[in-house]
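A.B. asks: These protein sequence lines map, in sequence, to chains B and L.
Letter by letter, the first sequence follows residues 59 to 517 in the working numbering.
Letter by letter, the second sequence follows residues 4 to 474 in the working numbering.
These aren't lab readings, by the way, just hints derived from the structure by calculation.
It is possible that part of the hints are untrue.
[As the list claims (entries may be wrong)] Beta-carbon label-pair distances, calculated as ranges:
#, chain 1, residue 1, chain 2, residue 2, range
1, L, Leu137, B, Arg367, 58 to 68 Å
2, L, Glu42, B, Glu160, 24 to 34 Å
3, L, Glu42, B, Ala447, 37 to 47 Å
[As the list claims (entries may be wrong)] Derived coverage of chain L by chain B (criterion: at least 3 residues anywhere in the stretch with Cβ under 8 Å from a Cβ of chain B; other residues may be distant):
#, segment
4, 29-43
5, 55-64
C-beta atoms are modelled at their ideal positions from N, C-alpha and C, and glycine is treated no differently.
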Amino acid sequence: MMDAATLSQFRSIVGDDQVLDSAEDLSVYAYDGTATLRVTPGCVLLPDTAEQVARILEIAHRRRLAVVTRGSGTGLAGGSVPVEGGIVLCLVRMNRIIEVDEANLAMVVEPGVTTQRVADEAAAAGLFYPPDPGSIKISTIGGNVANNSGGLRGLKYGVTRDYVMALQVVLADGQVLNTGTKCVKDVAGFTLKDLFIGSEGTLGVITSITLKLIPPPAAKQTMVAHFESMTDAAQTVSEIIRHKIIPCTLEFLDRVTIACVEEYAAIGLPLDVEALLLLEVDGHPAEVAEAADEIERLALAHGAREVRRAQSEAEAIGLASARRGAFSALARLAPTVVLEDVTVPRSELARMVAHIGAVGERYRVKIGTFGHMGDGNLHPTFLTDERDAEEMGRVEQAMREVFEFAVELGGTITGEHGVGLAKKPFLAGAIGPVAMDITRRLKADFDPEGILNPGKIFD
Amino acid sequence: MNDPKKEGVENLLQGLDYSVLQQCMHCGLCLPSCPTYVETLRERSSPRGRIAMMRAIADGDLETSRIFAEEMYFCLGCLACETACPAGVDYATLFEQSRAQVEASGVLDSRGRRLVRALALRWIFTSRRRISLLAKALYLFQKSGLRSFVRASGLLRLLPASLRELEPLTPEIQRASTRTLYQQRYRFLNPGSPKYRVALLSGCVQDIAFSDVNADTIGVLQLNGCEVILPEAQQCCGSLHAHNGDLASARDLARVNIDAFLPKRARGEEAEAVDAIIVNAGGCGSHMRHYDRLLADDVDYAERAAMWSRKVRDICEFLVEIDFRPPAASPDSDVLKVAYHESCHLKHGQGVSDQPRRVLESIPGVELAQLPEADWCCGSAGIYNITQPEMSMKLLDRKMGHIASIRPDVVATGNPGCVIQIEHGIRKHGLDARVQHPVSLLAAAYERRRVEVAKRDLSPESLIVEGGRPI
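Using the sequences provided together with the hints, build the complete structure.
C.D. replies: Written out as structure tokens, the structure reads:
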């Protein structure tokens, strides 16, 4: 519980009803989308403006109170799990679209706007905001920037970082920093905005975001390829890339995941295949048609049993949203699902996938794997029960082996979910001592009192 | 914090199979589907937040507090979260158990509330006879001129604003019950050699306020080769009770209905008397499908309850299943622009979404318009518009905004609660549209065809057996 004097100061800033401190309210902000992590905060504040955020941080800085910023709480590495007794700064009420600037192909938004709304507003202006994380319907753009979120279109269109032109950030002591412009070219000083993208709320609180928009592709085609073997699917992916075709989406699901997704979405996925590739190509209609034909040829030549093309926009959307539900759908099989996010160079996909299978067998843990095969980003998901300590121990060991192998292959421990709490023990091994040292020095400089999301990413 | 064993009261959430709670992996994908979350942006008012509180209570970390209780009654129970949930969380069970736990704990107890609950849940809505008596009284009030007097006199202004808003939500009572209409209009139409034998749940509110929808349902079924029976001993389906924390009454009513529709038979007798149990109210159907779960531990009833759940069909679902005859005439001389509003418990509770649209699309002269957010709750939600008028009206205004944007002639919907709520919305927003059950539009189309045919001096029988040609 937070002391009464501090709470009343916060009430005078954000209003009585935007300060939550009942046991019930604290219990429902104790988690994000990550399995097994729960920490009860001292209070939840829901500010409405950047100015309120600045005044809150001034107080927190003076009193050395931990502040964990969050949006919709869909994070998958525990990055927005509270600090015991600390402040949860929930920005969902800061959800205004400030400007859609068609002349400069840019959009200015507050951090609490959902990613889906960003995409919809862009589309309404005849433009396109490509990053589409799995939780697009509810994740907030502020959370996306803070985690440098990826999504299904990363392969062709990149990730959130590639669409951030400028940021407004409230620093730990309440100062407001504006960094970046709507200019395509801008080399005036260090590109400070890049420091905050993917910083998981440890360096500042993002209060306004200027996003880059692009013209939408004129045509697209969604396809599904069925495989009897995982290696064939992985090989097909390598071949597509080798043939210099860059689909906007190149996803895969293994047998376990397919079954769960089909049970949820009932869209007629085959239940008797080992792997399924979900692809989308987009661009000029002629280019799309050509790429689709070439992909079909390559898939069939590398062992695909069947290649199907979506016949309508509705079918394409159905396939993509079924894929987005993959992680949650796996929860049908086990009480606890622990999702990982290893990423490897695309040439190493087949080896990584085989290793995950072997590790699962060796430690006797059930794993469902799916992910963004086109960009080497895999989501092996461990199906377990948090109440079974012995099995959780084996899961832990299996995970460690998967991480170590990914790093050995020249990959990384997390492609798009972030480090948060879940990957913290593995960060030093992945990035090395020099990078760790610089990270710590930056943190000490931006946040000398250590109030911003303390204990996340590194200790 | 609190040890339920010391309380001496069984905590229903602790008694629940823990895996139902654990099924929620708090990914948050339900949030954008939840009307109360979208309006408030409060985690507590989201499905994920509510389940987290339930789990905290089951774990003994949180008490069954007033805040929790109020939150559980703030939840619409619309089940949109179930449709959205990839993990397959059984929110309906969690919702019912939580409200039952709230009632068992007594945190909301007051003398007035006890009296209202006893009167409504235990006395009126457990007896069709008492419902019908109440309906007669209301009918007299509405038709005798007394209501006009009360409205004109300004007596209503003596009531608090929240109650005053409710008066127009009282359903219009119809003079004739389903049974009377059935006798008058349709009994003679029962086909001689039926393809299907079905039984209809006439419902409680449906029976007194929308007996015409029941009569239309019967007529449409008969014209599609079904023999329709109306079991005399049936009662309210019990959804009102189950959704309001009175699971004991809900079980009693389920047993009565099972006895009425699927009487216990001696060994060797034909076990399955009807092919389907038809319901035309989304809220009732959603609950009826769960009789199996409700009576799973009842040795005398579990088997028949399971059979019951397998046989329940929404009317539009059943019509599509038996490949109903598309009507040959339109229900109206003008083309009707129809907006279909999805009842939450039809769509999310029963997964019936396409079939009512297919029924509507089959009707000549009906132009089905795309209603934005068609499956967003209208705020009726059983008795939610009475218990939570403020949120209910917010949702109604949101719904009416969408309806106004397409200006339909008819709003079609498959649940009496939605009909009453949207009719109120239409009056409140000064729109010009009527609200009808899809099956009533279908019945009207059949009827216009019948009149056309009758003008050509054909007997009513000839129209039923018009060898495969649509009627």
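A.B. asks: Indicate, hint by hint, whether the structure satisfies it.
C.D. replies: Each hint, compared with the structure:
no.: 1; hint: Leu137/L to Arg367/B: 58 to 68 Å; verdict: holds (60 Å)
no.: 2; hint: Glu42/L to Glu160/B: 24 to 34 Å; verdict: holds (31 Å)
no.: 3; hint: Glu42/L to Ala447/B: 37 to 47 Å; verdict: holds (41 Å)
no.: 4; hint: 29-43; verdict: holds (count 6)
no.: 5; hint: 55-64; verdict: holds (count 4)
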